[in-house]
Structure formats: C-alpha cells, structure tokens
Amino acid sequence: MPVLPLLLGAALAATPIEPVLQKHAPAQAPALLQLAQDEADALVTALGASGARADGLREAYQEQLAANLWAKDRAGFPLDAARIDRTIIRYERFKLQRYVTAGVFPKRYFGYVDLDWDTAADEATMMRVAHDAAAEINAWLGERGTAWRVTDAEIIVTFIAEGGALLLGERNALKDQVHPIYDIGLDDIASGSSEFGGLITRLDRRFGTGVGEIVTWVDGEPYLSRHMTFEEAVLGTALMWVWEKEICAKKLAKEGRPPLEGRPPEDQFILGSLVYNSGILFSEGRLGMIRDFRTGGYLDEASRANVKRRTALNLLAPDGALQELAMGLGYRDQLTSWNAVYHIMQRWGGYAGIMAFTDVFTPDGALREVPPEPPPPQVVHPEPTPVAPAAEPPAPTGCATTRPPGLWLLGLYFIWLATRFSSRRLVISSSLPRTAN
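Here the sequence shown is numbered in my numbering, starting from 1 and rising by one per residue.
There could be a bad hint or two in this list.
Claimed, not checked - FRET-style restraints, in silico, Cβ to Cβ:
1. N172 x M327: 37 to 43 Å
2. A120 x E261: 33 to 39 Å
3. N172 x A81: 27 to 33 Å
I should point out that these hints are in silico values taken from the structure, not numbers from a laboratory.
Note that the Cβ used here is the ideal one computed from N, Cα and C, for glycine as well.
Given the sequences, and given the hints that come with them, work out the whole structure.
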C-alpha cells in the first residue's frame, strides 16, 4: 500500500476515511487525502472562519465527508477515485458551504442519473423518455413559433424533485401505480391537459402511452380515471414543465423583463421552478440571490416575519449556521416548507450539484449520452426432455398373452350384476297397476 506522505500532518494521517480510500483507490489514496485537506482549507477561507471556529469547521467537514464515504462503502455502491473525488470530497465542501450561505443544504440528485446500482434500469428509462420528450416538445414549440425551449436537465431534475426520487428508491415497487398529484406533484394536471391536448396526443402517439386518458371530464368537472405508469409520470412532468414555463414566459413579457430564451439555462430553470411551485415570478434580485446561494439572511428574516402565521423554517442566518457547524451540531433537518425560495434552493442545489459534479449533461442541459433502448426480452425455448427408451415387455408367466390373468372373471361378474339388475326392474314393473288402454 502507498505510504501516506508526511506533509499531510497527523490530523489527516489519522482520518477515518483512509481505510476506505485504500480499499477502493489505493494508488490515489494519498492524493485524495490531500484533496480533502485542501477542500477543508478552501472552505474555511470562503466562509471567513478563524481560530476555534475554523478548527471546528474543518472537523465538521471531515465528519460529513467520512459519513458519506463510509455509508457508500457499507452499502456496496460502486466507488473509484473519480467518484470519491467529485461526488464525495468536493461535493461535501459544496454542500456545507451552500448550507451556510443559502440557509438550506442542496439535494443530492446525481445518484439518480449515474446509471449504477439497482436503480440503473429505471434511471435509463427516465433519462431516455425525458430526452425524447424534450425533442418532441421542442419540435412542437418551434412549429407554434415559441422562442424558448425545454431541456433534458430541466425535466429530469424536476421529475426527481417532485417525487421521482421516491419512485426510483423506496417506492420503486409502485412505480407503475403513480398518483399524478400525490406521488409526482402534478397539481395542475387538469388545466395543463385541457390547454395542451394536442401536445399530449402527440406524445402519446410517440411513446405508446395514455396520458391523454388520465383526466376525464364529467359535467365540466375533471376526474382522474387511473394511476400513471412510470413512463407516463415522466411525460406528465415534461408536460407540466412546458405549461409552467409558458406561464413564466408570459409573466416576464407582461412585466417587460428579459425573455426566457435570452437567459442562461440555470436562470430559466430557477424562474420556471419558482412559477412551477408558487405561481409567482420573483424579482431579478431574488433570482440572483438564489443563483448565487446567498439566501440565508433572507430566509431567516422571512421565517421571523411570519412566525405568528407560519411554522418557523428550520434554518439560521449564515453566522448562526456557521457557529452550529463549528460546534459539531451538524446539519438541521430540512423538510419541504411553505416558503417558495426555501423549496427552490433545495432543488436548485440539486441541479447545480449534478452540473458541477457529474458529466451527465452539457452546460446547456442536454444529455451527453442517451441510454439505449433495452433489448427485447429473449424467449428461451427449453431443450426437450429426452424420452427414455421403452422397457422390454416382461416375459409371459402362466398365460399366452401379457394380459393379467383373471380379467375374464371380472367381466363375467359384471355381466351377472347387469342381469340381476335387469330382472329386478322387470319384477317391480309387473307389480304396478295397469292402466286402461
């Protein structure tokens, strides 16, 4: 095994991540340990920590890094030097730093697009359907003269965030029994289906699905006719994204602000997501605050201002979050909340993490490689069971044929029974009174 360089110092020499690094990337273990130290130093510098707070922050980072690495090792996830470098060492620095400045830690979504482990087949389906749906939708948008477009990354991240993560994980057994609203967040499916009926028909024809039959109308009221399949849930998310993004484009035009099509992909995703989840078009200043992960102070103030009407957000302003981490208190539990910016910060963090720590998408949000269609199932015809050769007939014993002796006696017995029965019938019949002729 490679000897750990002395320049790493005693602290990192005793780090609990070294055994896992030696197991999965022995040749690169010293370089990865050095990277972990460099990332810790960069984190301290970026957050302006010093003294005891800097030491506590380094320790908090190393604890999160070790927890992530050990959890993947124990679960048997595929690990190599490149994955450890980007999705663990660098990502944990990204997560901790964004938690302090944004108030909310980013979702970790890149595990749903790596085509690894037991979710690989369903991930491939999700990515393939999203890519093909985006192409079909963009062709439709072009035909109607719409300038903006949708991307693979927008659809996939929105699907994962709205419930696809559960369908790929703990609810995988129910992936073809998807409730459009409760399971995948298509709250406006009735309105979207009514407005984009032609596009739905086009997608159903392309994919052989039945999204158009999910919503039925009775006396002017919409009803859900059935659950969705996994593919239909991805398509439903794509359709809802188009619907919400169009609302966003109209709101921007009404306010005289720069159009969607002239904005970078990340701004389109953030603005579209805000409208998707709240129906509100936030200011350019708030957009920049979200993009740059600087929402910690804003969210803390919003939580305090609404304390009498809303449940307090489980977060702190940057200085308080930094203090808690330095004290070894770790991250706060952060579930979905009532605040749209809080909600989108989690989603935007997941999008930014995929872009920064994987090569799945191009900067414009297109899949670099589209998973191929799975081969048709092979029908394997089993080899016929060989028939054993017929046994030689036994040698005759006491009879000229192989028929068992005494069978003729059984035949005579049945004839005798039939005669007795027939005679009895005649006796009974003769005792009945005769009728007049």
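Results for each hint:
1. N172 x M327: 37 to 43 Å: Cβ of N172 to Cβ of M327: about 38 Å, so the range 37 to 43 Å holds.
2. A120 x E261: 33 to 39 Å: Given a distance of about 35 Å, which is inside 33 to 39 Å, the answer is holds.
3. N172 x A81: 27 to 33 Å: Between N172 and A81, where Cβ atoms are some 30 Å apart, the hint holds.
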